[in-house]
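Protein chains in written order, with this note's numbering: chain A, 1 to 474; chain B, 1 to 307.
Rather than coming from a laboratory, the hints here were simulated on the basis of the structure.
Worth double-checking, as some hints may not be accurate.
To be verified - Straight-line alpha carbon distances no greater than 27 Å define the calculated BS3-like cross-link-like pairs of lysine-lysine that follow:
#1 B:K56 with A:K472
#2 A:K454 with B:K5
#3 A:K194 with A:K90
#4 A:K153 with A:K212
#5 A:K215 with A:K276
#6 A:K214 with B:K156
#7 A:K414 with A:K265
#8 A:K300 with B:K156
#9 A:K133 with B:K56
#10 B:K56 with A:K453
#11 B:K47 with A:K358
#12 B:K65 with A:K457
#13 B:K156 with A:K216
#14 A:K90 with A:K44
#15 A:K216 with A:K300
Said to hold, decoys possible - Partial selection, computed: residues in chain B whose CB lies under 7 Å from chain A:
#16 T40
#17 L42
#18 S43
#19 A158
#20 G161
#21 T249
#22 P251
#23 P254
#24 A255
#25 F270
Claimed, not checked - Partial list, derived from the structure: chain A residues whose beta carbon lies under 10 Å from chain B:
#26 K226
#27 A295
#28 E440
#29 S467
The beta-carbon is built from N, C-alpha and C at its ideal position, and this holds for glycine as well.
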Amino acid sequence: MGSNHVNRRNLIKQAAAAGLIAVPAVGALTSCASGSGEDNKVEKGKKTKDNPLGVNKSAALEIYIFDGGFGTKYAKDAQAVYEKNFPKAKTKLKSTQKIQSVLQPRFNGGTPPDLIDNSGAEQMDMGVLVGKKQLTDLTDLLDAPSIDDPSKKVRDTLRPGVVEMGQFDGSPVWIMYYAYTVYGVWYSQKALDKLDAEYPENWDDMLALCAKAKKKGMAGWTYAGKHPYYLPFSLYPFMAKIGGPKVLEAIDNLEPGAWKQPAVKAALEAYYELYKKGYILDGTPGLDHIESQTAWNEGKALFIPNGSWVENEAKKTTPKDFEMRVAAPSGLDSGDKLPFGTLWASGGEPFIVPAKAKNPAGGMEQLRIMLGEASSKNFTKQVSSLTSFNGGTEGLTLPPGLQSAVDALDKAGKNIVNPRIQDWYVALQKEKIGVACLGEMMAGRMTPAETIKKAQKYTDEAREDDSITHYKHN
Amino acid sequence: MEHGKYRFIVGFLIVPLTIYAVFVIWPFAQSIYYSFTDWTGLSPDFKMVGFDNYIKLFSDEVFWKSLQHSLLFLLLLPLVTISLALFFAFMINVGGRRRKNSAVSGVRGSSFYKIVYFFPQVLSIAIVALLFRFAYNPRSGSLNAALDAVGLSALKTAWLGDPETALWAVMAVMVWSTVGFFVVLFSAAMTSIPRDYYEAALLDGADRITTFFRITLPLLWDTVQSGWIYMGILALGAEAFAVVQIMTTGPGGPAYSTTVLPLYVYLKAFRDGQAAYATTIGVALLVVTLAFAAVVLKLGRRERLEY
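Just chain A, with the same shape it has in the complex (with noise of 0.2 Å):
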């Protein structure tokens, strides 16, 4: 065959590696190409004591649910509230468990919805969010009185935090977190009571008792190690009760010398020890969340790092005489500048309206019968989370997990800790602090020392790079 026919072969050969082989791979990304919305909001309807946001009553609501642990039906039964009280609006709630695949196409071409539970893996990113605009000031129902008491503004009935946690420099409140989350080490009552033992206040009783159950061949300790970003919800706490509060506002404001602190050295040896002295269960760096939660139900081992919806995720694999309990982290001796009981706790499911959606008045008055006492408890009731609403646990049975955490809430009190890197950079707690740095670490395969310097690199690194947006504690 000569070479100078045009072969069908050839052709198609030819054609491939033009493009039809690497082409679609960069395509696929501006199938969510940007257009721009025009401003097509609904007209507000007139504020009365009964509708003090001025909700226009027959305009359309549309409604986003992240699907996760918590399911939908606690919006569903809220959305019904909303159709109660204005009768004539159309509303749609639609759920998906890819929030930014679905929504990210439509906040570039400016129809976004009117509410929108951002939440889950594909949490789209709140910096960026609130860095080009696209969400509406929550100011307004803050300042709205409660649907429960009119003498009272939403802002009063809140968890102290959360409307804190919904600004980003300075006054506007950009997020309402629904959900109240409460982090720290949990355990299962049952097994410390077979070894006669307490939940152990400082380091070196946790030291004795993980030596106790290894002697029972028990691990002391697993946690997701495929996400090792759970290791924080323990130990940054027990970094700002070794030395205050500091310690943790100098790691959120990405300081250059945050992770060189004493207390975050302490923090790191008194983990690596877990290592060191093997009591981390056998193969935990290869599980994920639910395999160690499920090994931790089992009795393999004492302790796990995790948050208040580890009772509803972890329902199927829990034994009923579990018992199961959350404490506030061990602290490391008498030397510590917060005492016993200092504790994560903060929001979860952040509920945001778009600065571009049609009806954000109805937005926010969903939210306004969200945070009231009926729908809070209803919340509770159902997912065995706290919400964001103070109170609204009176006459309910708690399961014994959000009981504890409802009683290490009181017994933290004004030692409640918010690190906001968790939030504010998502990226570098996540990726680089929680599995380059901390995984490594507790998988024996870089030491403490090594761990802070590192820590330090990536955090000087995000402070450098001017495509993030940068936050600081007031």
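Keeping the supplied structure of chain A fixed, place chain B upon it in accordance with the hints.
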């Protein structure tokens, strides 16, 4: 006649080429354009930033790691998969010796093996990845259990949880899931090779290895080359992404040990709100893919045998 030919071909191709241009080339050109902006992917406004994204790319440690892994995939996967597939196909079709009164045949039970090899092909890659994720589980996975059972407990490790083994564990899954496809492809090609060649070789006393390298491989060259390109695409694109994303979760294994370019594109665009930077990485991926295709086509050019 020669003149009219090209017009004739273009006439036929105009519709598909237009579709291709609108739906593939145009978004692709757009992507390159976006790589010069600061588009977040979460808002319609952005501005031009010149080469900022490219400069950032050069000092991005994770990008280089992903590139390194993607290149490793690109070199090793086709090599291992195609060698294995050639070996299996050869054994199935011509590896056997003098049975059923025919000079050339496969090994005993070859039709059964063909089905066994092809089986993984009917499973979606997501399911394969999930199955192996369970198999690699350090506590309850079948792999460590098997090692225990044969007395090799010392070899047990956390597979996907250890940067030393994670990348290899992921690659093994990709080989497992694609080798069967090539066995079938090569088998089909081998059956079209005239039997007389093999019989002549046998009469001359050639052994299996000689037969393979002197007859089978040269006559199969075109098919091998196509397979090579196909495997390269899998290694650079969707399959590598799926396997890494599902099996190692998070940002691509412990200490970035399994990040590959398509996963990094995804993370930047859909987790970090840096869509423009993601398109920049995409452009890098495009360059790698084009270079790969060019090299394979250049190296693969040979005299074609007619039979």
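For each hint, the structure was consulted:
no., hint, result
1, B:K56 with A:K472, "24 Å, holds"
2, A:K454 with B:K5, "64 Å, violated"
3, A:K194 with A:K90, "57 Å, violated"
4, A:K153 with A:K212, "52 Å, violated"
5, A:K215 with A:K276, "16 Å, holds"
6, A:K214 with B:K156, "21 Å, holds"
7, A:K414 with A:K265, "25 Å, holds"
8, A:K300 with B:K156, "19 Å, holds"
9, A:K133 with B:K56, "25 Å, holds"
10, B:K56 with A:K453, "22 Å, holds"
11, B:K47 with A:K358, "26 Å, holds"
12, B:K65 with A:K457, "17 Å, holds"
13, B:K156 with A:K216, "23 Å, holds"
14, A:K90 with A:K44, "16 Å, holds"
15, A:K216 with A:K300, "10 Å, holds"
16, T40, "5 Å, holds"
17, L42, "5 Å, holds"
18, S43, "4 Å, holds"
19, A158, "3 Å, holds"
20, G161, "3 Å, holds"
21, T249, "5 Å, holds"
22, P251, "4 Å, holds"
23, P254, "6 Å, holds"
24, A255, "5 Å, holds"
25, F270, "5 Å, holds"
26, K226, "5 Å, holds"
27, A295, "6 Å, holds"
28, E440, "5 Å, holds"
29, S467, "7 Å, holds"
In terms of the numbered hints stated before, the structure departs from hints 2, 3, 4, listed from lowest to highest.
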